[in-house]
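Taking my numbering, the leading residue of the sequence shown gets 837, the next gets one more, and so forth.
Treat the hints as calculated values from the structure; they're not laboratory data. It is possible that some hints are incorrect.
Lysine-lysine pairs mimicking DSSO-like chemistry, simulated, CA-CA at most 27 Å apart [said to hold, decoys possible]: (1) K1220 with K1156; (2) K1146 with K1220; (3) K940 with K950; (4) K902 with K1140; (5) K1148 with K1238.
Label-pair ranges, simulated between beta-carbon atoms [stated by the list, open to error]: (6) I1025 with V1084: 28 to 38 Å; (7) I1047 with N1014: 11 to 21 Å; (8) N1014 with D891: 26 to 36 Å; (9) E1105 with S934: 21 to 31 Å; (10) D1118 with K1088: 45 to 55 Å.
The model shown is predicted, which means the values in this text are computed figures rather than measured ones. Glycine is no exception: its CB is placed at the ideal position from the N, C-alpha and C atoms.
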Amino acid sequence: LESLFVFGTKPDNLREVVETLKQEKQDEISIGDLFEINPDVKDKPLIIPVYKLSDSIIAEERDVIKFQINPDDYDLVKNYFNYIGDKIAVVKFDCNISVLNKVKQVFEDKEEKKNLFLYDEDISQIYKPELLLRNIFNHFNNRAEELDKFKNLEEEIIHFKRITVSVKELNSIREKINKVKRVRDKDNIKKNLMEKLERKEITIDEYTSAIEKITRESSEKEVYKELTIELLQNHYYIPVILSKPEKVDYIKHIIKTESEVNFLKDLEEYLKKEDNFFKKFDWWYFSKIDETLDSVYIPYYQPKTNRIEKFKPDFIFWLKKGNQYIILFVDPKGTEHTDAYRKIDGYSRIFEIEKNGQRRSKVFSYGEYNIETKLLLKTKDKAKVLNEYEKYWFDNLDDLMKKI
């Protein structure tokens, strides 16, 4: 229909549409220069994992990423493979010989299939054996990502530099942002004014007037239409912009997903507690992760695309006490359980080790630190979570802190 629309439209009309779109794009302007990396983090090592492609294909891995398949489709594709034979399969699908031999072995040995395939009755049956076999070969010929090293954060979180706003809203939002940013200067200005007063360089009236002015011109939280602009002392960049409704079209790359906004509000309330968990640490910081622009992620296998995908949790926390260092990934979206299990499995494969039937965090050395990682996701109903995955889910902030 789109093609018919284009071919059936007069050139003059198309030109007008294109010009209008260009004009609308020009109506947006970047305000990334109004945001800055929190000065308090500049001497702190904010550590992130870096990955590399595995030297081995999935079929040759010790911990094989299983191919998820409907049980009926498994029987169908197995019969199809046995019918065409391995020689025709090699020619038809141009598959890796080691993958072919592995799949052939599994099809011949009932005990072996549990090592390569994961039966899932929730997956819709495809009824296309040729497509299934191609996907199976492609899957086991993939190379997974594995941990390469840890490094200090540099340009991996950049979304705040790409925040854009419509020209119409620019001046009002700029004024609100600058008012919030001045809060960090307020204490220094007050100190300088007091010193001038003590040296009798200014009068008490001039001092009072200047204090009133800086108070008027600074604020830890400002509201503009649907937006809240605020200074979160422990956030990686400042200030932070939140939007209550998700569909705000005049500003981009801010925090506007309902679950993320609610999580930050809950966090602010939690931090007001005298005995809040974060006081146990020498220091801690956190940051929003933008799914499209940032490159902090956890690799996992996604059967819907038959590829290794990048799971980008909504937030990353860094917590340090002595030489103990925790990297905490938090995703408060309430992800659908089946999809979340795949992401958890991808995380566990890299950052955990199994002991006595339980998954435990690996400890990595990086400089003077012993690093542990943790992943926590929010759920609306913990009763529906499988027992083996229960430790990865939280339903409120107190629960999250206990699991850290």
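Checked hints:
no.: 1; hint: K1220 with K1156; result: violated, 33 Å
no.: 2; hint: K1146 with K1220; result: holds, 25 Å
no.: 3; hint: K940 with K950; result: holds, 14 Å
no.: 4; hint: K902 with K1140; result: holds, 13 Å
no.: 5; hint: K1148 with K1238; result: holds, 23 Å
no.: 6; hint: I1025 with V1084: 28 to 38 Å; result: holds, 33 Å
no.: 7; hint: I1047 with N1014: 11 to 21 Å; result: holds, 19 Å
no.: 8; hint: N1014 with D891: 26 to 36 Å; result: violated, 51 Å
no.: 9; hint: E1105 with S934: 21 to 31 Å; result: violated, 55 Å
no.: 10; hint: D1118 with K1088: 45 to 55 Å; result: violated, 36 Å
Hint violations for this structure: numbers 1, 8, 9 and 10, all remaining hints satisfied.
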